[in-house]
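Heads up: the protein sequence lines correspond to chains A and G, in order. Here our numbering is used: the first sequence runs in plain steps of one and ends on residue 338. Here our numbering is used: the second sequence runs in plain steps of one and ends on residue 338.
Check the hints yourself; a few may be wrong.
[What the hints assert, rightly or not] Some but not every residue of chain A turned toward chain G, in silico, with C-beta under 8 angstroms: (1) Leu161; (2) Glu165; (3) Ser186; (4) Ile189; (5) Ser209; (6) Met226; (7) Ser243; (8) Ala282; (9) Tyr285.
No lab work stands behind these hints: they were computed from the structure. We put the CB at the ideal spot given by N, CA and C, even for glycine.
Number of protein chains: 2
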Amino acid sequence: MPKRDLLLRAIHQNPIERFPVWLMRQAGRYMKEYRELREKEKDFLSLCKNVDLSVKISLLPLELLDVDAIIIFSDILVPLEGLGLTVRFVEGEGPSVEWDGKVGSLKKYDPESNSFVYQIIQRVIGEQQEVPVIGFAGAPFTLASYMIEGGASRDFLRTKLFMWEREYDFGRLMEILTDTIYDYLSAQIEAGCHVVQIFDSWAGALSRSDYEYHVYQYTDHLIGRMKEKYDIPVIYFFRNSSSFMDFALNLRADVLSLDWSVDISEVSLKTDKVLQGNLEPAVLYAEEETLKLKTLELLRSVPRKTGYIFNLGHGLAPDMDFNKVKLLVDTVKNYNIP
Amino acid sequence: MPKRDLLLRAIHQNPIERFPVWLMRQAGRYMKEYRELREKEKDFLSLCKNVDLSVKISLLPLELLDVDAIIIFSDILVPLEGLGLTVRFVEGEGPSVEWDGKVGSLKKYDPESNSFVYQIIQRVIGEQQEVPVIGFAGAPFTLASYMIEGGASRDFLRTKLFMWEREYDFGRLMEILTDTIYDYLSAQIEAGCHVVQIFDSWAGALSRSDYEYHVYQYTDHLIGRMKEKYDIPVIYFFRNSSSFMDFALNLRADVLSLDWSVDISEVSLKTDKVLQGNLEPAVLYAEEETLKLKTLELLRSVPRKTGYIFNLGHGLAPDMDFNKVKLLVDTVKNYNIP
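Pulled out of the complex, with its shape left as it was, chain A reads as follows:
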């Protein structure tokens, strides 16, 4: 057990002296120290596979920001290589995934293909016993969208057409991804991480009926199976939180990580689940006084004494100012729960 167990106490709704804080993409390009380590590998995927460097990067936010949790440095696309796909991160262009669109051509996922990830987890736990370590994976729909689009997308048009017009194949793909993510997260848990987060970054692009009919069952099955096997907290991150709240509340996740489309005081009335996030990342571009004010406004609107984890509604961006991120973390840490 980590010495500073604030995050775990908040998740178990035990008394806490202040709200725990960590940030999505807390180890990233906005940090000079990250950029220096990044230079040591030719591309981003090689960096993810370099255990020494990934451990150092994972530890940066604890050293530089003194956050309450470490999320391991990796990328949600990492397990797709284990399905036989070519994954590339081209500088300035974002990720690309090469897939021929045939579900039958996917290799059976072997979790050992990502052994470097489990080594990173073990090494991060070995090198610090201060704070809990968070493992993570993409949710089935979000990974499917990268496979079908071939990379990032704004409208997810190809994914939607695949889902509507190749319904049987889409279902098979979602099943394969659900099993893959289950195996991948299981191996992360067995490597010792204390919490896992599932990133459903893009399901928010769907209509409610498409989510209900084509997506919900797989996410639900994944999380249910994890919770049956492992006694470890599961965080579910989803965008467009307002639209999909009722589905998310039915998932067996312990923690719901919210974007800024919902009012946390209203969500708190509907659920006893632990909540995370909700601050609009854009406040990090504001002046210091505004940043503090908006952060305190959010903290004051949390009608709980525990069961809340501070985070943003989305990840940190490369052009953010480190000093403002530090100010944000300190503002949360200095806030007294009334």
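Place chain G on chain A using the hints.
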């Protein structure tokens, strides 16, 4: 009164024989006939000011699609010139608005500066008495965002920072825009249009607390003032409908035009207001069978015999196929309300 008053009967919740249908951006680049007329003027803004051409363009969807309403051909940025701003539409780049950021430098809006718009309305009504004519304007926040960003935006970062850090100026700007839009829509109504639609395309980018504190009062005031003076239906179009539904329900608009983030059957349970829209525009890229299926799925989910107007959750796009748009309209027109 137009001969085919289906739209007006649906709005007044009188009996209808089928759901009325019109489409946002129904006269646009996806139509060959539009592209031919577009060629006759050097730029988009000149096209909007050319009454003859704008009348012809406005009439195209009635001629080619036989829709149940004509929305006049124009753009929401048109009245900004009346505030002394330079508005440009650069082909392939989207709109640009030049403003020095000083609220004091804005000219007092004279509705006569947009007399061509009222002429278009009068001429469209003169040339056909078949269907109702819809006038429109952008909502205060949406126009403010174009002024502050200088054009379109994905994150509305400048707008948010202006709103948070120059709160007094932002409020003054919203007041000026509210008065401007009121005068502009009043002149459209006096020119004879039967319905007006207010496009709040971008308020959905805000957090709920920002919308509540910085935006809601102006939209509410605008619509309230319109409804006090004119006995004419007001449609309020808003994106991110799920998140802002409770605010929209409180507005005095007669019709709420929804995107696809909500389930219309659920919204229908919450309100007696007339509803419009809700179909995801992406279905227009699907095969014909899928397009029909998704359209019928939506129509069947409307738990009403009147009080619904078919539309998409957003406007038509230039790369859509005219034949599919026609199929969409015909599918709606052939649907029998059970």
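Are Ser243/A and chain G close enough, Cβ to Cβ, to be under 8 angstroms, as the hint says? 4 angstroms, holds
Quick check on Ala282/A please, does its C-beta sit within 8 angstroms of some C-beta on chain G? 5 angstroms, holds
Using 8 angstroms as the Cβ threshold, decide whether Ser186/A counts as touching chain G. 34 angstroms, violated
So, Leu161/A near chain G? Judge it on the closest CB pair being under 8 angstroms. Check passed: Cβ of Leu161/A comes within 6 angstroms of chain G, closer than 8 angstroms.
Closer than 8 angstroms between Cβ atoms is the bar; does Ser209/A clear it against chain G? Give me holds or violated. Holds - the Cβ of Ser209/A comes within 8 angstroms of chain G, reaching about 7 angstroms at its closest.
Taking the least C-beta to C-beta distance, is Tyr285/A closer than 8 angstroms to chain G? 6 angstroms, holds
Interface hint check: Met226/A, Cβ to nearest Cβ on chain G, cutoff 8 angstroms. Holds or violated? Where the cut-off is 8 angstroms and the nearest Cβ of chain G is about 28 angstroms from Met226/A, the hint is violated.
Answer holds if the nearest beta-carbon of chain G is closer than 8 angstroms to that of Glu165/A; otherwise answer violated. This interface hint holds because 6 angstroms falls under the 8 angstroms limit.
Report holds or violated for the interface hint on Ile189/A, using the least CB-CB distance to chain G and a cut-off of 8 angstroms. 33 angstroms, violated
Of the hints listed earlier, those the structure fails to meet are numbers 3, 4 and 6, in rising order.
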